[in-house]
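Peer 1: Okay, here's what each chain looks like letter by letter:
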Amino acid sequence: MKTFANSLLAVLACAATTVGSAQTISLQGAGATFPYPLYSKWMAEYQKLHPSVQINYQSIGSGGGIKQILERTVDFGATDAEMTAQERAKAASTLHHIPMTLGAVVVTYQVPGVSTGLKLSQDVLASIFMGRITAWNDPRLASLNPGVKLPGTPITVAYRSDGSGTTAVFTEYLARISPEWKSSVGAGKSVKFPVGLGGKGNEGVTGVVKSTPGAIGYVELAYARQNKLAIASLRNQAGKFVEPSLEGVTAAATGRKLPEDLCLSLVDGPGARTYPIASFSYILVYQEQQDATKGKALADFLWWAVHDGQKYGAALDYAPLPKDQVPAIEARLKQLAAGGKALISRK
Amino acid sequence: MDARSRLAPLSRTGSPAVLSGDRVFQVLTALFAGLVVLILAAMAFQMLLASLPSLRQFGWGFLSSSEWDPVLDAYGALPYLFGTLASSFLALLVALPVALGTAIYLAEFAPLWVRRPLGILVELLAAIPSVIYGLWGIFVLSPWLRDSVQPLLQRAFGWTPFFQGIPRGFGMMAGCLVLAVMILPTIASVSRDVLLAVPDTIREGALALGATRWEMVRKAVLPCAGSGILGAVILGLGRALGETMAVTMVIGNRPEISWSLFSPGHSLASVVASNYAEASGDLYLAALTELGLILFGVTLLLNIVARLLIWRVGRGPAGARH
Numbered sequence: 001m002k003t004f005a006n007s008l009l010a011v012l013a014c015a016a017t018t019v020g021s022a023q024t025i026s027l028q029g030a031g032a033t034f035p036y037p038l039y040s041k042w043m044a045e046y047q048k049l050h051p052s053v054q055i056n057y058q059s060i061g062s063g064g065g066i067k068q069i070l071e072r073t074v075d076f077g078a079t080d081a082e083m084t085a086q087e088r089a090k091a092a093s094t095l096h097h098i099p100m101t102l103g104a105v106v107v108t109y110q111v112p113g114v115s116t117g118l119k120l121s122q123d124v125l126a127s128i129f130m131g132r133i134t135a136w137n138d139p140r141l142a143s144l145n146p147g148v149k150l151p152g153t154p155i156t157v158a159y160r161s162d163g164s165g166t167t168a169v170f171t172e173y174l175a176r177i178s179p180e181w182k183s184s185v186g187a188g189k190s191v192k193f194p195v196g197l198g199g200k201g202n203e204g205v206t207g208v209v210k211s212t213p214g215a216i217g218y219v220e221l222a223y224a225r226q227n228k229l230a231i232a233s234l235r236n237q238a239g240k241f242v243e244p245s246l247e248g249v250t251a252a253a254t255g256r257k258l259p260e261d262l263c264l265s266l267v268d269g270p271g272a273r274t275y276p277i278a279s280f281s282y283i284l285v286y287q288e289q290q291d292a293t294k295g296k297a298l299a300d301f302l303w304w305a306v307h308d309g310q311k312y313g314a315a316l317d318y319a320p321l322p323k324d325q326v327p328a329i330e331a332r333l334k335q336l337a338a339g340g341k342a343l344i345s346r347k
Numbered sequence: 348m349d350a351r352s353r354l355a356p357l358s359r360t361g362s363p364a365v366l367s368g369d370r371v372f373q374v375l376t377a378l379f380a381g382l383v384v385l386i387l388a389a390m391a392f393q394m395l396l397a398s399l400p401s402l403r404q405f406g407w408g409f410l411s412s413s414e415w416d417p418v419l420d421a422y423g424a425l426p427y428l429f430g431t432l433a434s435s436f437l438a439l440l441v442a443l444p445v446a447l448g449t450a451i452y453l454a455e456f457a458p459l460w461v462r463r464p465l466g467i468l469v470e471l472l473a474a475i476p477s478v479i480y481g482l483w484g485i486f487v488l489s490p491w492l493r494d495s496v497q498p499l500l501q502r503a504f505g506w507t508p509f510f511q512g513i514p515r516g517f518g519m520m521a522g523c524l525v526l527a528v529m530i531l532p533t534i535a536s537v538s539r540d541v542l543l544a545v546p547d548t549i550r551e552g553a554l555a556l557g558a559t560r561w562e563m564v565r566k567a568v569l570p571c572a573g574s575g576i577l578g579a580v581i582l583g584l585g586r587a588l589g590e591t592m593a594v595t596m597v598i599g600n601r602p603e604i605s606w607s608l609f610s611p612g613h614s615l616a617s618v619v620a621s622n623y624a625e626a627s628g629d630l631y632l633a634a635l636t637e638l639g640l641i642l643f644g645v646t647l648l649l650n651i652v653a654r655l656l657i658w659r660v661g662r663g664p665a666g667a668r669h
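Protein chains in written order, with our numbering: chain Z, 1 to 347; chain A, 348 to 669.
Hints listed in this document are in silico derivations from the structure and should not be mistaken for laboratory results. Treat the hints with care, since some could be wrong.
[Unchecked claim] Simulated coverage check for chain A against chain Z, where a stretch passes if three residues somewhere in it have a Cβ under 8 Å from a Cβ of chain Z:
1) 417-424
2) 430-436
3) 489-496
4) 506-518
[Stated by the list, open to error] Pulled a few chain Z residues facing chain A out of the computed Cβ check, cut under 7 Å:
5) ASP162
6) GLY163
7) SER164
8) GLY186
9) LYS192
10) GLY198
Ideal Cβ placement from N, Cα and C applies to all residues, glycine included.
Here chain Z stands alone, though its shape is the one from the complex (with noise of 0.2 Å):
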């Protein structure tokens, strides 16, 4: 009875400790669902190099993530949208957004008779969103898209009806090209959409547009081509019409200046090659960790995610961090503390 006693005790202990030299680290992550799959893959590949440190991540929403790193239930947050300056007020002590990754929205549709290669530039996809184009004859969507037969079929706009940074990220660049959009909607995870059906996720609004002739809505990058939706190219702030790839996402962010909180928006960027509607994907970390041992574990994990880490993207439909970003989300990682000592000994 008293070994068995002492086996039960000792496999509480090595459970439940996450301090001391052979044991395990377990760190706790949460937040955005939209880069879950890279996050969960980063996290096996992680575990295989460094077999002491376990990762694990809830993917309970932006919203939520931003909350538990604020109550620090969590070693670490996840978002898509950057803090508002309301949620940066709440925390304790200087919280870093760390870019990890890039997202994309697309634009989807169903049109009888027209299966790939419909073209929307600013002010028509706006117009669409805000309800004044009406059916997809439209002089203006013609004159887009010359020898391409446009039914006369009634646009349905499909939205998301559940918080989200996708919706962030699509509104932020409504408003970006609509000054009527800015004004009478506006932009965030949630939004009063003047026309439409929701849709609930990604998925809620395939459905709608998979199954209404004449739907039109937008959905991330990654969901979009691992269920072969219709895809439609856009017009970027160069002219160019194009279609959403990771190449014309990473050049979303490629050669910009970062701000000092590394939040970029990168709605309508600059470049021929740009696609117009991509967003960074942040994790949300404290400067001063309060654990030497796990924020060392934590800081060396972000710092392998955005070198090594980046390949794994590709195959998931994640664009990577563009080459020339990295030497700024170095610098930020370097800063990382506890106790007055940096957790990153580099050069």
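Chain Z is fixed; fit chain A onto it per the hints.
Peer 2: The following block gives chain A in isolation, referenced to the frame of chain Z:
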């Protein structure tokens, strides 16, 4: 005379050991019963607390405002309340006749070899997860409504306010039909059990007085089963009010109040479920919680009304099962 007063003279008053065991048992069950009340009260209190900012900001206006704009931090519950109530009651309107018909057939007319399998099938329908109903709604029901049913309705009744706008399949009509299918088995199977519980002496009496089968059901069996059937209806309505997944998949998720069955709507349960995870503003969170509070209030109110109704009906003819 209820069970307890009937049993009281029969229970043992012998050895103290048995008595103390009884005592422990009584206290234990009272504790559990108390816990249920406590959980309910704690939930209501927590929700009230969490929705305080919204209660303070909007007051009663929250119930009458149709504005819902997270960007401007302006919130009103009316379209959601409307959507929940309208879809649930319409669903009830559609489901009730079918469910009652099924129950009466199963209990009174069906031969034994039909009764068992059909009864099991009906109960099976109640066990299907709501997301499956939702998928059926997206891929089967709403295209069918859009292409066949709604254009027909519009041609025939387009002059009424109920069938206007572009038929899109998704919307109030799809929402209430999916709900109707979902609550149908609940109402049907509970009503059947209630009808079966009506004592055969009542049927025999009615038949002996020269009633036909139909007259027997209408004049003798149904009045006896009234309060039980009402309970079944309330059970179904409760399921419809709280249903989240299936509704959100087909109703169109647009906070809109319209007479037209073609136009999209929204519901209290689905807006809370789909927005809570990503909501971060204090007022936004409070407003969402207040929607939950309203749903809580609606179900509570419904149950009170149901209690009163059952109580009234229950005092009718004797022999009904309570």
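Peer 1: Now tell me, hint by hint, if it's right for this structure.
Peer 2: Now for the hints, and whether the structure bears them out:
1. With a cut-off of 8 Å between beta carbons, the stretch 417-424 of chain A has 3 residues touching chain Z; three or more are needed, and the interface restraint holds.
2. Interface restraint, the stretch 430-436 of chain A with chain Z: violated (0 residues with C-beta to C-beta distance below 8 Å; minimum three).
3. Coverage of the stretch 489-496 of chain A by chain Z holds in this model, with 3 residues showing a Cβ closer than 8 Å to a Cβ of that chain against a need of three.
4. For the stretch 506-518 of chain A, the assignment as covered by chain Z holds, since 5 residues bring a beta-carbon within under 8 Å of that chain's beta-carbons and 3 suffice.
5. The beta carbon of Z:ASP162 comes within 4 Å of a beta carbon in chain A, closer than 7 Å, and the hint placing it at the interface holds.
6. Because the closest C-beta pair between Z:GLY163 and chain A is about 3 Å apart, less than 7 Å, the hint holds.
7. About 6 Å separates the beta-carbon of Z:SER164 from the nearest beta-carbon of chain A, less than 7 Å, and the hint is met.
8. With a cut of 7 Å, the hint placing Z:GLY186 at the interface with chain A holds, because the nearest CB-to-CB distance is about 4 Å.
9. For Z:LYS192, the shortest C-beta to C-beta distance to chain A is roughly 4 Å, which falls under 7 Å, so the interface hint holds.
10. Checking Z:GLY198 against chain A: minimum C-beta separation of about 3 Å stays under 7 Å; hint holds.
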